[in-house]
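S.K.: Dock chain B against chain A, hints included.
The listed protein sequences derive, respectively, from chains A and B. Start counting the first sequence at 1; every next residue gets the next number (our numbering). Start counting the second sequence at 1; every next residue gets the next number (our numbering).
No wet-lab data here; the hints were simulated from the structure. Just to be clear, a hint being listed does not mean it is correct.
Simulated restraints, written as ranges between beta carbons of each label pair [said to hold, decoys possible]:
#1 B:ARG250 with A:ALA144: 41 to 51 Å
#2 B:ASN140 with A:GLU311: 12 to 22 Å
#3 B:GLU30 with A:GLU311: 25 to 35 Å
Don't be surprised by glycine CBs; every beta carbon is placed ideally from N, CA and C.
Take a look at the letters that make up each chain.
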Amino acid sequence: MPDHDVLVIGAGLAGQRAALAAAEHGVSVGIISKVHPIRSHSNAAQGGINAALAVDDSWESHAFDTIKGSDYLSDQDAVEIMCREAPNELLHLEHIGVTFHRNEKGELGTRAFGGASHARTYYVADITGQAIMHTLYEQLMKYADLIDRYEEWFTTELALDEDGNCVGAVTRNIKDGSMELFRAKAVILASGGNGQIWHPTTNALICTGDGIAMAYRAGAKLMDMEMIQYHPTTLRGKGFLITEGARGEGAHLLNAKGERFMEKYAPNKMELASRDVVSRAEQTEINEGRGFPDGTVALDITVVPRKRIHEALREIVLVGRDFAGVDITREPIHIKPGNHYTMGGIKTDIWGRTDVKGLYAAGEAACVSVHGGNRLGANSLLDTLIFGRRSGEDAAKHAAGRGIDRVSRTVLEQEERRVQAIIGRERSGRRVSEIKAELGETMDSKVAVFRDEEGIQSALDTVRRLKEEADGAWIDDRGTIFNQDVLGALELQNMLQQAEATCMAALERKESRGAQFRTDYPERNDEEWLKHIDVSLNGDGPELSYSPVTITDWQPQERTY
Amino acid sequence: MNFKLRVWRQPSEGNEGGFEAHEVSGVDPEASFLEMLDILNEKIVADGGDPIAYDRDCMEGVCGSCSLLIDGIPHGPRQVTSCQTFMRDFPDGAEISVEPFRNSAFPVIRDLVVDRSPLDRIIEAGGYISVTSGPQPEPNTNPVRPEDQEHAMDAAICIGCGACVAACPNGSAMLFTGAKVAHLNSLPQGDPERFDRAHGMVAQHDEEGFGGCTNFGECQAVCPQEISIKVIGELYHDYRQAMLHRLRARRGAVKPQ
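Bound conformation, chain A alone (with noise of 0.2 Å):
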């Protein structure tokens, strides 16, 4: 049974920032992951990170671009902090090793991004993400006499004791099958986000968003779970991305007829107008018949001078030559919204605590909530970085001065009896993957870019529907060793159950704010609707309430681009 003070579960950027924090406070950490670290998510953020660093820039101009974006659902206390810290933690990325972009003068350079009214975008070319994670990755090495790390464990469950705190986990070793209680004063999770509950979508297929459907088990409040993030530009069928630095360097849309539609739905920012409006004014184009046959329209991105595609840009040189059969230098590019990212999440204070005691949640798995109704491109790396950073110092102080609990081993015997339940199913009913299939596209072809409530009562129906049959749904692999099917078997209860918790709360804000677009509501109520939606497990099904929206200096304003 090992023991840490703190228990980080995910190992993205907000869970390594996170164990860095901790271990930086002197504490014992444990960090758990069920893919090797540098596998992670946070990989595949491409286009950059925001921070208020350059001399005509300010963190409140940023902190306003946020909130905006978020169409004023962000909680503006914790948006004040993240913009307020975020030059000190680029500065920091920069010492221990990030290769941010350089100018020719051997400045840090910065590209403009969505939804913002300055350049603030700090990158190293599209692959920021990968550049940062591998850094951070390193320096979990340089603490590796406080720091153990646990690869390829899936972690099924929370412990709590007697009164509901949080005291550690049951996790399964991948490799072996073996089933473990970690036990640990504090945990914290940063688990990530769940888009692989629709279909396409441009997350990985670890994105299951198994650290919010455990907080949730073990009694946190879910927040925001409606606000889903449809990025503007991802290829059809597949789903992969193509980062907003592409418009961000000066890249147009299209619609089949070669016009550039922007002009009527943000004729100032144009491209770079919110990733919500985008998507709509995509998705309009699209539905109104201007969109080409396969429900597309066009990114040109041959209006970037060649050699800039290429030093700024090569990752998307090869995913259109390698997944769309396209030279980005040479032709336009089909693109459509596509799901992208999980606004809300388990919701946390401005320190990452839930209201599980002892029980922490950082990065995407969170919901602070800094995105509001959507994310603003280069605020997430930004979020998993400050808030990890948070939530590891506090857990630590936390951690310090308490003795670990004695922890019953009930929930590890229960946890084995459920994994041994699903590899022990009859093959009958339907797979598991049938069922994923099914969730994926009910939920892509009705909770999305435009919704209402006969279509989100239908994808609820479904969902409910799936989760008796993922009951007794069976796996292919009955062994021990790598067994990724009974993984794939727990990710999708888990799925299911944020699924519901979503459908739930979209259907209640009956209102167009944000990424959630309501056409029998068009339009934003903020005298009704400038809270937020929580959900609570209750027996085996979602209870909502709301909670208040933090306001400090910014009212509600009208939105345009």
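M.R.: Leaving out everything else, chain B in the frame of chain A:
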């Protein structure tokens, strides 16, 4: 499209492995190699067998999980990751062999999945910046020449997949080690520890049982991130300097790093 496959099956590290023959038919030319394996797994399971285990995650070539030796070439014929290798890259009816990355330092966990943790231990031996720089100065007090930054990035782009190791006739991990060292040693913040880093990481590389580099160049030919073998030359340069520095330090001529 139809293919004849010879797939390496091995139930666990301790057990003997061997090739298993399979056929797949009706494969979409646009399917990736991993999607083709999924189709094969469906068939194996329908016939009552155990599916083939293999590593995968992002499916877009950035995470470095996938690690297939396809017809003896790490990741296959096109110098991209296994997930970016497509069935259209092979002639219809082709016979294809699929194995895990081969190296005695990479034990097979199951079927096509290997343990690549020796690479982590090389990083642990010095592949990080250990100074804590304290209060942050203004960012542009110490400019970094863009060519140095580009150079560091060309090395930092390594995704740690281990294809270089699997390609090397000597089983050397020098391209990986060189990339890690070149990334940090090209930057001003990595400079103060450059000798210790080069020395420690090469020592650990040898300790793990990887072979030495004799300039075959197979590593750069398969690297999906197109990292140049030049990083190994730079690593040797820093390693030699480190040895000299240690000699001089022992005689008291310079301070040890």
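S.K.: So, against the hints stated earlier in the document, which numbers end up violated here?
M.R.: Number 1 only.
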